[in-house]
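Q: Residues per chain are reported as follows:
There are 2 protein chains.
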Amino acid sequence: MAQFKRIAVVGAGLIGGSILLAAARRSLAGSLACWSRSEPSRATLSRFGVAEVFADPAECVRGADLVVVTTPVDTAEETFRAISPGLTPGAVVTDAGSVKASIQLAARRLPAANPFIGAHPMAGGEKAGAAHAHADLFEGRVCFLTPTSAESPEALGAVRLFWQSLGAVLHETDAAKHDEIVAAISHVPHAAASALMLGVMDQPGFRRFAVGAGLRDTTRIAAGEENLWVGILLANAHHLSTGLRAVEVRVAELRAAIEANDIPTLRRLLAEARIARQDLDRPE
Amino acid sequence: MAQFKRIAVVGAGLIGGSILLAAARRSLAGSLACWSRSEPSRATLSRFGVAEVFADPAECVRGADLVVVTTPVDTAEETFRAISPGLTPGAVVTDAGSVKASIQLAARRLPAANPFIGAHPMAGGEKAGAAHAHADLFEGRVCFLTPTSAESPEALGAVRLFWQSLGAVLHETDAAKHDEIVAAISHVPHAAASALMLGVMDQPGFRRFAVGAGLRDTTRIAAGEENLWVGILLANAHHLSTGLRAVEVRVAELRAAIEANDIPTLRRLLAEARIARQDLDRPE
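Protein chains in written order, with our numbering: chain R, 51 to 334; chain A, 51 to 334.
Straight-line C-alpha distance at most 20 Å; calculated EDC-like pairs for lysine to aspartate or glutamate:
1. A/Lys177 / R/Asp267
2. A/Lys177 / R/Asp329
3. A/Lys177 / A/Glu276
4. R/Lys227 / R/Glu201
5. R/Lys55 / R/Glu102
6. R/Lys177 / A/Glu322
7. R/Lys227 / A/Asp252
8. A/Lys55 / A/Glu102
9. A/Lys177 / A/Glu189
10. A/Lys227 / R/Asp252
11. R/Lys177 / A/Asp331
12. R/Lys177 / A/Asp267
13. R/Lys55 / R/Asp115
14. A/Lys227 / A/Glu201
15. R/Lys177 / R/Glu276
16. R/Lys177 / R/Glu189
17. R/Lys177 / R/Glu89
18. A/Lys55 / A/Glu109
19. R/Lys177 / A/Asp329
20. A/Lys177 / A/Glu89
21. A/Lys177 / R/Glu322
22. R/Lys55 / R/Glu109
23. A/Lys177 / A/Asp267
24. A/Lys177 / R/Asp331
If you only want the chain A side, here are some residues facing chain R, beta carbon under 7 Å, derived:
25. Met247
26. Thr268
27. Ala302
28. Arg317
Hint data in this document are derived by calculation from the structure and do not stem from the laboratory. Using N, Cα and C, we set each Cβ at its ideal position, and we do this for glycine too.
All chains should be modelled from the sequences, with the hints used to inform the complete structure.
A: This is the structure:
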């Protein structure tokens, strides 16, 4: 049974496309609408055959009771501005951006009659674009919601219902805390993986033929689309700065122990890292 | 048809245990022998039922025409000393250590009648111990050989035949070059993954519940046994020092671009890393 009259997805790449496929399969809405800036993306979305595809963002959101903004985080303000003229009063707006404080600020551009509740599903991957979308993307994944307590219970309820219906496991916190958490578990690792790839390819001994699963896994996320990640890293700059500095300190600490042939320190550091890593695989 | 009379595997953990299973399945030798320092490992090896299990290393190698040393790299010298009294003159010795220059030096402890040809199969994993051994471990994996040109063609031929028979793809180079290569593609990534795990767990925002595939993959190898890795990293200290310094520089470069809101530099760095990472997945 359709829980929403019409859901509009604004900016449909991997995340937006997957939302459309998941919402269609679960018959979440009476109808689906979507917009993408790029013509090839619109063509991909049309081929899915599940949503009405628009070339104008304001047209796309017209008549929707739930609007999901999935444009890159550095275009959030522009997107909110672009959809505002088309929003039905009372329509609830959510998003899927990897940072929340800056987007919450940008959401002030929305009409007062349209509550915004930020969301961040921890799903994605290094393969961007609607062409890689799939209906199971959110299944079992953590989805942060960052309500401000200013929104109505109905609006919050609608956003909860929406993300839960896609299979996500909700976790509610405030935008600032969210940004601190994802810096640690996602943004810092992303930048560190890029730095490792750059540092390793600089070495005279770097040989592609001998690369095994170790370096491949360690750098896998460095294959992510830089245009998406520039926006994310800059919008979370404060926590990135702190986190990357901590990584530099730890690399230098390991290096110093190696240079000093300091077996006890090196063993302790590697053991602490091993235990922490094994902990990630323990059930909660 | 058996290519060797008797193969002795000295120090049978993941690598040594897998060699035994692979050699048995391919009937590489008339008989197999093995030694492990630890009683539980010897029990595991006995359960495999493919090799005679010894509690004394010199006894283990007696009568073998090929001896494979698979003890941790920091015990190589001790192992060479321990097997020497049992070695049959002419028996060829190889190993599977992750560093080669220091082991080649340690191999001078072997009797003059026993040629040593270093080897390093790029196989392993964060699950150590004979209990995780499997017969396919070397299938399609790169295996470095580091001959010195001092050994006889027969000895080199025997070592080539042995590793190739286990399914490995041989790559011959000298010990110094080998150590430089594996620093870049394996040892530096290992230390960097440990440093990232330590840096991330230090962050106030670190939350296990939200950790996804990104951090998991990026730090997977940090779950490796520290006692093995202390020896490897210290035996390759020079290249580790250079490589880790390069990683520190690259992390600092990314951090500086983020702190300065320098979009062009950040985009360029992330793009270079993306392209290099995607290159790892291109066929040679």
